[in-house]
Amino acid sequence: MMICICMLPYFKKLIPLFLASLLVFSRVSARFVVEKNSIRVLSPLSLRTKHDGAIGNFGIPDYGGFIVGSVVYPDKGANGCEPFDGVPFKSKFPRPSVLLLDRGDCYFALKAWHGQQAGAAAVLVADSIDEPLITMDSPEESSDANEYVEKIGIPSALIEKSFGDSLKEALKKNEDVVVKLDWSESMPHPDQRVEYELWTNSNDECGVRCDEQMNFVKNFKGNAQILEKWGYTLFTPHYITWYCPRAFVSSSQCKSQCINHGRYCAPDPEQDFAEGYQGKEVVFENLRQLCVHRVANESKRSWIWWDYVTDFHIRCSMKDKRYSKECAEDVMRSLDLPVEKIKKCMGDPEADVENEVLKTEQELQVGRGSRGDVTILPTLVINNVQYRGKLDRTAVLKAICAGFKETTEPPVCLSADLETNECLERNGGCWQDKQANITACKDTFRGRVCECPTVKGVQYQGDGYVTCEERNGSRFGWFLTFLVLAAVTVAGLAGYIFYKYRLRSYMDSEIMAIMSQYMPLDNHHNNEVPSEVGP
Numbered sequence: 001m002m003i004c005i006c007m008l009p010y011f012k013k014l015i016p017l018f019l020a021s022l023l024v025f026s027r028v029s030a031r032f033v034v035e036k037n038s039i040r041v042l043s044p045l046s047l048r049t050k051h052d053g054a055i056g057n058f059g060i061p062d063y064g065g066f067i068v069g070s071v072v073y074p075d076k077g078a079n080g081c082e083p084f085d086g087v088p089f090k091s092k093f094p095r096p097s098v099l100l101l102d103r104g105d106c107y108f109a110l111k112a113w114h115g116q117q118a119g120a121a122a123v124l125v126a127d128s129i130d131e132p133l134i135t136m137d138s139p140e141e142s143s144d145a146n147e148y149v150e151k152i153g154i155p156s157a158l159i160e161k162s163f164g165d166s167l168k169e170a171l172k173k174n175e176d177v178v179v180k181l182d183w184s185e186s187m188p189h190p191d192q193r194v195e196y197e198l199w200t201n202s203n204d205e206c207g208v209r210c211d212e213q214m215n216f217v218k219n220f221k222g223n224a225q226i227l228e229k230w231g232y233t234l235f236t237p238h239y240i241t242w243y244c245p246r247a248f249v250s251s252s253q254c255k256s257q258c259i260n261h262g263r264y265c266a267p268d269p270e271q272d273f274a275e276g277y278q279g280k281e282v283v284f285e286n287l288r289q290l291c292v293h294r295v296a297n298e299s300k301r302s303w304i305w306w307d308y309v310t311d312f313h314i315r316c317s318m319k320d321k322r323y324s325k326e327c328a329e330d331v332m333r334s335l336d337l338p339v340e341k342i343k344k345c346m347g348d349p350e351a352d353v354e355n356e357v358l359k360t361e362q363e364l365q366v367g368r369g370s371r372g373d374v375t376i377l378p379t380l381v382i383n384n385v386q387y388r389g390k391l392d393r394t395a396v397l398k399a400i401c402a403g404f405k406e407t408t409e410p411p412v413c414l415s416a417d418l419e420t421n422e423c424l425e426r427n428g429g430c431w432q433d434k435q436a437n438i439t440a441c442k443d444t445f446r447g448r449v450c451e452c453p454t455v456k457g458v459q460y461q462g463d464g465y466v467t468c469e470e471r472n473g474s475r476f477g478w479f480l481t482f483l484v485l486a487a488v489t490v491a492g493l494a495g496y497i498f499y500k501y502r503l504r505s506y507m508d509s510e511i512m513a514i515m516s517q518y519m520p521l522d523n524h525h526n527n528e529v530p531s532e533v534g535p
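Residue numbers for the sequence shown follow UniProt numbering, so the first one is 1 and each next one is one higher.
These are calculated hints, taken from the structure and not from any lab test.
The model shown is predicted, which means the values in this text are computed figures rather than measured ones.
Warning: the hint list may mix true and false statements.
Taking lysine to aspartate or glutamate and the EDC-like style, the derived pairs with C-alpha atoms no more than 16 Å apart in a straight line are [unchecked claim]:
hint: 1; residue 1: K50; residue 2: E160
hint: 2; residue 1: K456; residue 2: E469
hint: 3; residue 1: K255; residue 2: E275
hint: 4; residue 1: K434; residue 2: E470
hint: 5; residue 1: K319; residue 2: E298
hint: 6; residue 1: K36; residue 2: D211
hint: 7; residue 1: K321; residue 2: E275
hint: 8; residue 1: K218; residue 2: D392
hint: 9; residue 1: K319; residue 2: E275
hint: 10; residue 1: K50; residue 2: E212
hint: 11; residue 1: K151; residue 2: E212
hint: 12; residue 1: K161; residue 2: D102
hint: 13; residue 1: K343; residue 2: E326
hint: 14; residue 1: K442; residue 2: D463
hint: 15; residue 1: K319; residue 2: D211
hint: 16; residue 1: K229; residue 2: D307
hint: 17; residue 1: K36; residue 2: E197
hint: 18; residue 1: K405; residue 2: E185
hint: 19; residue 1: K172; residue 2: D75
hint: 20; residue 1: K280; residue 2: D352
hint: 21; residue 1: K168; residue 2: D102
hint: 22; residue 1: K321; residue 2: D204
hint: 23; residue 1: K36; residue 2: E160
hint: 24; residue 1: K221; residue 2: E197
hint: 25; residue 1: K255; residue 2: D272
hint: 26; residue 1: K343; residue 2: E298
hint: 27; residue 1: K36; residue 2: D137
hint: 28; residue 1: K76; residue 2: D102
hint: 29; residue 1: K344; residue 2: E298
Ranges between beta-carbon positions, derived for each pair [as the list claims (entries may be wrong)]:
hint: 30; residue 1: P411; residue 2: I438; range: 25 to 35 Å
hint: 31; residue 1: S317; residue 2: A274; range: 54 to 64 Å
hint: 32; residue 1: I134; residue 2: E329; range: 20 to 30 Å
Each residue gets a CB set at the ideal place from its N, CA and C atoms; glycine is no exception.
Throw the hints in and build the complete structure from the sequences for me.
Shown next, in the form of structure tokens:
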């Protein structure tokens with residue numbers, strides 16, 4: 001079991017209880033998995049090696065795709081903590097710029113934001129000490145950080161100090177350092193179905209994080225339901241809970257925040273135990289939403305969870321003072337969900353017994369295999385790998401699509417929404433005939449590809465990057481047509497000759513048959529003449 005440490009501000013009035021809980025959980029060692037992407041140096045030849053980068057938990061990692069860019073290191077402000085003047089890192093070459101910055105002095109996310117503002121396509125942060133890679137996380141909720149974190153739209157990664165030093169040395173020698181940032185293997189694709197889970201919360205009064213996850217649910221609902229209905233994905237919602245140590249079960253704090261005698265708890269929404277909603281009401285609604293999914297899944301309507309959660313948020317929000325059991329049941333009835341069956345799934349919150357549904361949730365919070373422990377809200381896990389980056393509809397859909405094997409992606413993954421639009425800038429570095437308005441550049445969600453096109457039945461051939469030559473398919477077509485027509489003409493002529501021959505033979509035979517009838521008369525007449533003239 002794990003404790004939810006994602007909302008520490010809510011625990012200010014519960015520090016003694018929280019510390020006691022930590023002692024209880026000391027027997028369980030938290031396991032945090034660093035999600036990585038591949039970084040390969042393409043030039044200079046002396047640095048041609050492959051390294052790992054720790055994917056930043058902000059911005060938009062290019063899951064399923066890659067970026068080939070030239071590394072730049074600023075002469076001033078190498079830590080990236082202050083805005084750069086203008087857009088000095090906007091590439092003047094076909095390759096985009098990958099900005100290299102030093103770790104330290106400010107938030108990782110702020111470095112990425114300043115790099116994006118200065119024209120960089122990606123940011124690499126070089127560690128300042130020799131240590132294993134760590135995940136660059138978003139800063140704690142604050143008005144300053146909130147202004148830029150959600151606006152970061154480029155990928156970022158932390159690299160080891162030794163790798164960063166080697167890149168800087170090459171740049172000092174004025175060498176052209178080209179790297180390939182590759183996320184194609186950052187998302188595994190074990191089979192033709194993607195399995196993903198969202199760790200969320202029914203509380204809508206926990207600030208920016210709650211708003212972020214609710215906006216995501218509303219925006220992603222349509223895509224999620226399409227993928228689920230057609231069997232492309234298997235989605236499972238989860239909810240973080242913690243439990244109250246036995247010594248504090250009778251305390252007012254535990255009673256207001258927990259159900260089933262302190263076994264399953266959630267922070268007080270208003271951080272005030274005397275007013276407003278209580279943490280145990282949040283736990284109970286979390287349990288209801290879990291049972292909605294379970295019961296709906298039994299009737300092959302698992303996607304109805306998305307409708308229930310969005311409708312509940314609209315009709316039963318804490319802000320409108322309608323966060324209640326009665327309102328929840330009204331929503332269930334409107335969606336034709338079996339209320340009594342869901343109640344049975346939820347059990348008795350006052351009973352001094354284990355709740356099988358919530359007990360399972362606590363067990364699943366502990367990481368297994370390649371997945372680390374779930375400790376923050378919201379957390380998205382795709383194919384047993386924790387998603388890194390902004391919780392944005394398009395970014396998440398792209399990550400899910402990257403979980404499919406190539407050529408097995410569903411149609412929604414091939415829509416215009418997921419196109420990278422790399423062809424808009426310098427034609428993506430592909431071949432182009434400006435006069436004929438023909439290009440070899442094609443946008444896909446995995447990135448742009450350079451393939452010679454087919455235009456009006458004419459197939460162009462070449463590498464797609466430098467050359468695409470017209471293959472004159474029309475001549476071959478006309479030649480083939482001529483052969484077919486010639487064959488038909490010859491066959492027709494042969495048929496006509498054969499027909500004439502058969503007709504002539506038939507007519508000859510008919511004439512002979514007619515003539516044969518007269519031939520005996522002639523013979524008989526000839527025989528009778530002598531008898532007439534004889535004596």
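To see whether the hints hold, each was checked on the structure:
no.	hint	verdict
1	K50 x E160	12 Å, holds
2	K456 x E469	14 Å, holds
3	K255 x E275	14 Å, holds
4	K434 x E470	15 Å, holds
5	K319 x E298	33 Å, violated
6	K36 x D211	28 Å, violated
7	K321 x E275	12 Å, holds
8	K218 x D392	11 Å, holds
9	K319 x E275	14 Å, holds
10	K50 x E212	35 Å, violated
11	K151 x E212	13 Å, holds
12	K161 x D102	9 Å, holds
13	K343 x E326	12 Å, holds
14	K442 x D463	14 Å, holds
15	K319 x D211	12 Å, holds
16	K229 x D307	13 Å, holds
17	K36 x E197	20 Å, violated
18	K405 x E185	11 Å, holds
19	K172 x D75	10 Å, holds
20	K280 x D352	15 Å, holds
21	K168 x D102	10 Å, holds
22	K321 x D204	11 Å, holds
23	K36 x E160	12 Å, holds
24	K221 x E197	14 Å, holds
25	K255 x D272	13 Å, holds
26	K343 x E298	15 Å, holds
27	K36 x D137	14 Å, holds
28	K76 x D102	11 Å, holds
29	K344 x E298	14 Å, holds
30	P411 x I438: 25 to 35 Å	26 Å, holds
31	S317 x A274: 54 to 64 Å	21 Å, violated
32	I134 x E329: 20 to 30 Å	45 Å, violated
Going down the numbered hints, you'll see the structure goes against 5, 6, 10, 17, 31 and 32, while the others check out.
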